[in-house]
Amino acid sequence: MSWEQTFGIWLAAAFTLGIVSFLYRDNIFYKVCEAIFVGSSAGYWFVTYFWDNLYRKFYLQAFDPVSPHIAPWVGFILGVLMLTRLFGAKIAWLSRWPLAFIIGATAGVYMMFYFVSNAMLQIGASIKPVFVGSFGDIVSNVLIAAGTFCGLVYFFFSKEHKGVFGGAARVGIWFLMVTFGASFGYTVMSRMSLMLGRLDFLFGDWLRLIS
Amino acid sequence: MKDYHRPQLLFQIFILPLVVILSLTSALTAQEQPVIPADSIIHIPAPTSNVVAVDYVYDRGETVELTWNLSPDDTIGGRIDGYELTRIEQSTGKMDTLEVIPAGISYYKDDKLTHGHKYAYLIRSVYFGAKSSPVSSNIITPSIEIINWRLANLFAIAFILCGSVIYFIAHAKKGKKLFIRKIAGLEAIDEAIGRATEMGRPILFVPGINDMDDVQTIAGITLLSRVAKVVADYDIRINMPVSRSLVMTTARETIKEAYIGAGRPDAYNDDMVRYITDEQFGYVAAVDGIMVRDKPATCFYLGAFFAESLILAETGNSIGAIQIAGTAQPAQLPFFVAACDYTLIGEELFAASAYLSNEPKQLGSLKGQDVGKFVAMIAIVIGVLIATLAELTGSSSLENLSEFMNRLFTIVS
Amino acid sequence: MKRKIPVLITFVVGSVLILSVFFPPIETWGEDFSIFFDIIAVFAFFLGGGNLLRIHTKKAIKRQKDWGFSIVTVLGFIIMLIAGLFKVWNDGGIAGDVAAPGSLFQMMYNWIFTPLGATMYALLAFFVASASYRAFRAKNVGATILLVASFIILLGRTPLGTYVTGWIPKSLSIFNIPDLAIWIMTAPNLAGQRAIMIGIALGVVSMSLRLILGVERTYLGVDNE
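Protein chains in written order, with this note's numbering: chain A, 1 to 211; chain B, 1001 to 1413; chain C, 2001 to 2225.
In isolation and in its complexed conformation, chain A is listed as follows (with noise of 0.2 Å):
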């Protein structure tokens, strides 16, 4: 193994310290691994958006030899724009366009996405006929049904949440419930396996007691 692998390994395995020290309380340790964390992060980024997206996305497109491309000048314009906000408050209001145009892409794009992904096919799923194959498929079938329509009255904010319709509400809550906890405990072998990957790694790679 090369010296700068070592030298890796060792680097590694004490962030690995700090950073699980903060299990017991806030130390200069976990402080330190902090500062490096945020402060290299934060470069990492950065650069990775430098080459990714000013570089390949605007630099190479704009500029390319063969067919220049007009598209990009716009996200170039826009992010000048946004710059404005360092030349006083004069000029500052026009860092709003950008922002505008942002906000008003995001709510265009996401809306259909949604609507399509979540609602229409969702829905779409839910058409089925219940009766079918053997009772514990009925019986799971009326459940779907029924779940997903109380569900739904769960969400309802124009009526009161009493009588029969509170009933479904509730009925409604719970099922969110079983799915709630159907999702954390899906979640909770994987959560451990990444534990087990950085002793893993501290007892193979560093401390070379596990093979």
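Hints listed in this document are in silico derivations from the structure and should not be mistaken for laboratory results.
None of these values were measured; they are calculated from a predicted model.
Accuracy of the hints is not assured; some may be wrong.
Have a look at the derived ranges for each label pair, beta carbon to beta carbon [what the hints assert, rightly or not]: (1) C:Trp-2067 / A:Glu-4: 29 to 37 Å; (2) A:Thr-6 / B:Val-1412: 54 to 62 Å; (3) B:Ser-1133 / A:Val-139: 50 to 58 Å.
Even glycine gets a Cβ: it sits at the ideal position worked out from N, Cα and C.
With chain A fixed as given, assemble chains B and C onto it according to the hints.
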């Protein structure tokens, strides 16, 4: 952080062995190696037939659909691996080998074309490197269409929903009173900020880790404006570490407006919002540090969250903060529900700013949203009933109706 | 005026992108937006990175509490910037790949960035344990349902579930924990997921319309600056 010792023990004695057992189980699973048949080298598969290229309608003239009859060798256990497709651009004669489509499939959608150009396709059956003679398709010219009529159902349903939202906004503008039920998590905001005032501690606002091109972040920022108004009124400190520069810029505008609105522009300070880093866990490391050092009385987590949701919420718990969270990430909602005092579940996050604004126009949009929900519920009930009756009675008219209901909510891309 | 133009921009851009879905010649405009956004984000980073440098430099100069860590942050930021922008120790020079093996940028990524990120992520194992502990003290019906469902799913995904209930006859297989876990995932869980997803979609539609129509405009700040 002493609270963690007991659960940690629980983790060690209970969950860890389970993980080990599960890992071992999966490690024992082995993959069988494919067996190369003895006659594979000499067998040349039979070619396909009837290769037809059709222009894909309602697109930008970039797509052609290709169909063919399967090779006679393409049977279960038959001697064929797949079909090799080659595209020929007629004007230049340029040939591009596209890919090998697996056996049993007789359809391909080529969406890398230029409208107005002429194309033809060659298909060869392939079996362990041996290829049949090519079969050619007709020549096709993909064309561009102005309107995508295939999405007429989407347009109609979106029109009804958007129309109802816009109608109720306009309706509310006229001053008609609208009832909106109480939402517990939002009712608690004032109380949570009041607690910070009593304790003389700051408020922490985390707008998620995504940028302004995520509608959840925008929802978080619109809620920030309501929170900031109360913060400005009570004259307490708000601390907002952000992981995106654009969020920083927008949040500053939002908080500044709240302070000016409260008549206290001098109390506003740009440093209330500060950029940390774009890196997910770097940001979390810093926010955790801020929490244990500043000990905010109230923490808001409103926006798009991922794995960090639980790290933040549990750290907030360890310092005894009141926590109000809201996200539309279904996978993270359970963690917020388990660890926070109040959680805005999905739709509630988007409704929250309208609810808190108490402006008739904004509340009207919630009413319109409920109309959409009502339509969805009716569609599900009627659709399920028709589908069930069609299944039980075998009536063809009911089956047609059920089919229509399904098509209404199916998006063909 | 300072707010009217941005509101108009939001309205035009939002409306056009909604309609673009239905008109094939402009259907990719939504994808173009993501490119514009990426370019704008780089410029915005000058403000964010500037803020990072300003806050930590000020802290160090004024010798505020924990000022030493601010120096570390600034150093980490600058070293990473120099390593990446000038492609230090990069075999291909300035024309090479920024993340080329052996470059300072790549080494910092491997030995600083990766372990710190992975360990922070791994802390979730402890936090999920403490959250489970919290969930075990279920206070109401909803919390109890959450707890029971999560426990069944957790057991169902491990061999322990089979070990504990494997003896149950096939006719009562729903009480077999792995089967029960699958049933929870495919029936009640699915119902809850659907309600949440449909609700989110309607919420997004309503909020998007409020933004596009200018009903919600707090993000634009004030006029009288």
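Mind listing which of the numbered hints don't hold for this structure, in increasing order?
none
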